[in-house]
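Colleague: Sequence:
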Amino acid sequence: MSTTRYQSRHAMGRRVIGQALVAHDGLSARYDLNRLQGVFSRPAHKLVGQSYVDKILVLDTAKGGVATAWMLHEMRSRNMVPSAIVFNTVNTILAQGAALGDVTMLAGFDVDITAQIPHGAMVEVDPDTFTIRVLDPSEYPAEAPGAPDTRKIHGLL
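Mapping the sequence shown onto numbering that gives the first Met the number 0, position 5 (from 1) lands on 4, and the numbers just tick up by one.
In case anyone wonders, no lab produced these hints; they're calculated from the structure. Any given hint might turn out to be false.
[What the hints assert, rightly or not] Restraint ranges, calculated between C-beta atoms of paired labels, are given here:
(1) Asp135 <-> His23: 20 to 30 Å
(2) Gly64 <-> Ser40: 12 to 22 Å
(3) Asn90 <-> Asp135: 12 to 22 Å
(4) Asn33 <-> Gly64: 29 to 39 Å
(5) Asp109 <-> Asn78: 31 to 41 Å
(6) Gly107 <-> Ala66: 21 to 31 Å
(7) Tyr30 <-> His9: 38 to 48 Å
(8) Tyr139 <-> Ile92: 13 to 23 Å
(9) Thr3 <-> Gly64: 27 to 37 Å
(10) Ser137 <-> Asn90: 29 to 39 Å
(11) Pro42 <-> His118: 11 to 21 Å
(12) Ser137 <-> Arg75: 25 to 35 Å
Ideal placement from N, C-alpha and C gives every residue a C-beta, glycine not left out.
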(Lines of atoms letter the chains of each structure in order from A; the text may use other names.)
(Lines give C-alpha, C1' and ligand atoms only; values in the text may rest on other atoms or scores of the structure.)
Protein backbone atom coordinates (compact mmCIF):
# COMPACT_ATOMS: atom_id res chain seq x y z
CA MET A 0 0.00 0.00 0.00
CA SER A 1 1.28 3.47 -0.91
CA THR A 2 2.15 5.85 1.90
CA THR A 3 2.17 8.92 -0.35
CA ARG A 4 -0.82 10.63 1.25
CA TYR A 5 -1.72 14.33 1.44
CA GLN A 6 -4.14 15.88 3.92
CA SER A 7 -6.60 18.61 2.92
CA ARG A 8 -8.50 21.06 5.09
CA HIS A 9 -11.78 20.85 3.14
CA ALA A 10 -13.55 17.81 1.71
CA MET A 11 -16.91 16.67 0.38
CA GLY A 12 -18.34 13.78 -1.58
CA ARG A 13 -17.66 10.08 -1.78
CA ARG A 14 -14.45 8.07 -2.01
CA VAL A 15 -13.24 7.69 -5.61
CA ILE A 16 -10.28 6.09 -7.36
CA GLY A 17 -9.09 7.22 -10.76
CA GLN A 18 -6.41 8.66 -12.97
CA ALA A 19 -5.14 12.11 -12.01
CA LEU A 20 -4.93 14.92 -14.56
CA VAL A 21 -2.53 17.37 -12.95
CA ALA A 22 -1.65 20.94 -13.91
CA HIS A 23 -0.61 24.10 -12.12
CA ASP A 24 -3.57 25.87 -13.70
CA GLY A 25 -7.08 26.85 -12.67
CA LEU A 26 -10.55 25.58 -13.49
CA SER A 27 -13.49 27.51 -14.86
CA ALA A 28 -16.29 25.24 -16.05
CA ARG A 29 -17.48 28.06 -18.26
CA TYR A 30 -14.25 29.05 -20.00
CA ASP A 31 -11.90 26.06 -19.75
CA LEU A 32 -14.15 23.15 -20.72
CA ASN A 33 -16.04 21.94 -23.75
CA ARG A 34 -18.86 20.42 -21.76
CA LEU A 35 -20.39 18.62 -24.75
CA GLN A 36 -17.19 16.82 -25.79
CA GLY A 37 -15.83 16.39 -22.26
CA VAL A 38 -12.42 17.95 -22.89
CA PHE A 39 -10.39 20.95 -21.80
CA SER A 40 -10.86 23.44 -24.62
CA ARG A 41 -9.23 26.76 -23.69
CA PRO A 42 -6.08 26.89 -25.87
CA ALA A 43 -3.94 28.36 -23.08
CA HIS A 44 -4.95 25.71 -20.52
CA LYS A 45 -2.20 23.22 -19.68
CA LEU A 46 -4.62 20.29 -20.14
CA VAL A 47 -6.11 21.45 -23.47
CA GLY A 48 -7.45 18.59 -25.56
CA GLN A 49 -7.51 16.07 -22.69
CA SER A 50 -10.72 14.44 -21.52
CA TYR A 51 -11.72 15.29 -17.96
CA VAL A 52 -14.61 12.80 -17.83
CA ASP A 53 -14.24 10.30 -14.97
CA LYS A 54 -10.77 11.68 -14.18
CA ILE A 55 -9.52 13.22 -10.94
CA LEU A 56 -8.53 16.80 -11.65
CA VAL A 57 -5.65 18.11 -9.53
CA LEU A 58 -5.40 21.85 -10.15
CA ASP A 59 -4.16 25.01 -8.50
CA THR A 60 -7.32 27.02 -8.02
CA ALA A 61 -10.98 27.43 -8.86
CA LYS A 62 -11.85 30.28 -11.20
CA GLY A 63 -15.10 31.81 -12.23
CA GLY A 64 -18.49 32.58 -10.87
CA VAL A 65 -21.97 31.26 -10.45
CA ALA A 66 -22.16 29.58 -13.87
CA THR A 67 -19.89 26.81 -12.60
CA ALA A 68 -22.53 25.59 -10.14
CA TRP A 69 -25.22 24.91 -12.70
CA MET A 70 -22.67 23.73 -15.28
CA LEU A 71 -21.35 20.98 -12.99
CA HIS A 72 -24.94 19.94 -12.26
CA GLU A 73 -25.76 19.85 -15.98
CA MET A 74 -22.55 17.93 -16.76
CA ARG A 75 -23.50 15.35 -14.07
CA SER A 76 -26.89 14.83 -15.74
CA ARG A 77 -25.03 13.68 -18.88
CA ASN A 78 -22.26 11.66 -17.12
CA MET A 79 -19.69 14.18 -18.39
CA VAL A 80 -18.07 15.19 -15.10
CA PRO A 81 -14.73 14.51 -13.47
CA SER A 82 -14.78 11.90 -10.70
CA ALA A 83 -13.25 14.45 -8.33
CA ILE A 84 -11.65 17.87 -8.25
CA VAL A 85 -8.69 18.62 -6.01
CA PHE A 86 -7.44 22.20 -5.52
CA ASN A 87 -4.78 24.07 -3.64
CA THR A 88 -7.40 26.80 -3.15
CA VAL A 89 -11.11 26.88 -3.90
CA ASN A 90 -13.82 29.53 -3.79
CA THR A 91 -17.24 29.08 -2.23
CA ILE A 92 -18.97 29.18 -5.60
CA LEU A 93 -17.07 26.19 -6.95
CA ALA A 94 -17.58 24.35 -3.66
CA GLN A 95 -21.34 24.90 -4.04
CA GLY A 96 -21.12 23.75 -7.66
CA ALA A 97 -19.32 20.56 -6.64
CA ALA A 98 -22.04 19.87 -4.08
CA LEU A 99 -24.84 20.56 -6.58
CA GLY A 100 -23.12 18.46 -9.26
CA ASP A 101 -22.31 15.64 -6.83
CA VAL A 102 -18.59 15.92 -7.59
CA THR A 103 -16.13 14.82 -4.90
CA MET A 104 -13.80 17.66 -3.88
CA LEU A 105 -10.73 18.25 -1.71
CA ALA A 106 -9.05 21.62 -1.17
CA GLY A 107 -6.51 23.35 1.02
CA PHE A 108 -3.17 21.60 1.42
CA ASP A 109 0.02 22.54 3.26
CA VAL A 110 1.96 21.79 0.05
CA ASP A 111 1.38 22.65 -3.61
CA ILE A 112 -0.67 19.57 -4.44
CA THR A 113 -0.05 20.05 -8.18
CA ALA A 114 3.68 19.55 -7.54
CA GLN A 115 3.14 16.42 -5.42
CA ILE A 116 0.79 14.24 -7.49
CA PRO A 117 2.29 12.89 -10.73
CA HIS A 118 0.24 13.57 -13.87
CA GLY A 119 -1.41 10.31 -14.92
CA ALA A 120 -1.01 8.61 -11.52
CA MET A 121 -3.81 6.47 -10.14
CA VAL A 122 -5.04 8.11 -6.94
CA GLU A 123 -7.62 7.62 -4.23
CA VAL A 124 -9.58 10.64 -3.02
CA ASP A 125 -11.21 9.98 0.36
CA PRO A 126 -13.28 12.88 1.74
CA ASP A 127 -13.98 10.94 4.96
CA THR A 128 -10.27 11.17 5.85
CA PHE A 129 -9.66 14.45 3.94
CA THR A 130 -6.91 12.75 1.90
CA ILE A 131 -5.61 12.09 -1.57
CA ARG A 132 -3.27 9.14 -1.93
CA VAL A 133 -1.13 7.94 -4.83
CA LEU A 134 -1.83 4.26 -5.35
CA ASP A 135 0.72 1.52 -5.70
CA PRO A 136 0.24 -0.40 -8.98
CA SER A 137 -0.89 -3.44 -6.96
CA GLU A 138 -3.89 -1.36 -5.81
CA TYR A 139 -5.12 -0.34 -9.27
CA PRO A 140 -8.76 -1.24 -9.87
CA ALA A 141 -9.39 -4.29 -12.05
CA GLU A 142 -12.03 -2.36 -13.99
CA ALA A 143 -11.65 1.11 -15.49
CA PRO A 144 -13.24 3.75 -13.24
CA GLY A 145 -16.19 5.82 -14.37
CA ALA A 146 -19.63 5.40 -15.80
CA PRO A 147 -19.85 2.38 -18.15
CA ASP A 148 -21.51 4.41 -20.91
CA THR A 149 -18.68 6.97 -21.06
CA ARG A 150 -15.61 4.73 -20.78
CA LYS A 151 -15.22 3.95 -24.48
CA ILE A 152 -15.90 7.53 -25.55
CA HIS A 153 -13.18 8.88 -23.32
CA GLY A 154 -10.48 6.26 -23.81
CA LEU A 155 -11.00 4.32 -20.60
CA LEU A 156 -11.39 0.86 -22.19
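Colleague: Does each hint fit the structure? Answer for all of them.
Modeller: Hints, verified against the model:
{"no.": "1", "hint": "Asp135 <-> His23: 20 to 30 Å", "verdict": "holds, 25 Å"}
{"no.": "2", "hint": "Gly64 <-> Ser40: 12 to 22 Å", "verdict": "holds, 18 Å"}
{"no.": "3", "hint": "Asn90 <-> Asp135: 12 to 22 Å", "verdict": "violated, 34 Å"}
{"no.": "4", "hint": "Asn33 <-> Gly64: 29 to 39 Å", "verdict": "violated, 19 Å"}
{"no.": "5", "hint": "Asp109 <-> Asn78: 31 to 41 Å", "verdict": "holds, 34 Å"}
{"no.": "6", "hint": "Gly107 <-> Ala66: 21 to 31 Å", "verdict": "holds, 23 Å"}
{"no.": "7", "hint": "Tyr30 <-> His9: 38 to 48 Å", "verdict": "violated, 23 Å"}
{"no.": "8", "hint": "Tyr139 <-> Ile92: 13 to 23 Å", "verdict": "violated, 34 Å"}
{"no.": "9", "hint": "Thr3 <-> Gly64: 27 to 37 Å", "verdict": "holds, 34 Å"}
{"no.": "10", "hint": "Ser137 <-> Asn90: 29 to 39 Å", "verdict": "holds, 37 Å"}
{"no.": "11", "hint": "Pro42 <-> His118: 11 to 21 Å", "verdict": "holds, 19 Å"}
{"no.": "12", "hint": "Ser137 <-> Arg75: 25 to 35 Å", "verdict": "holds, 32 Å"}
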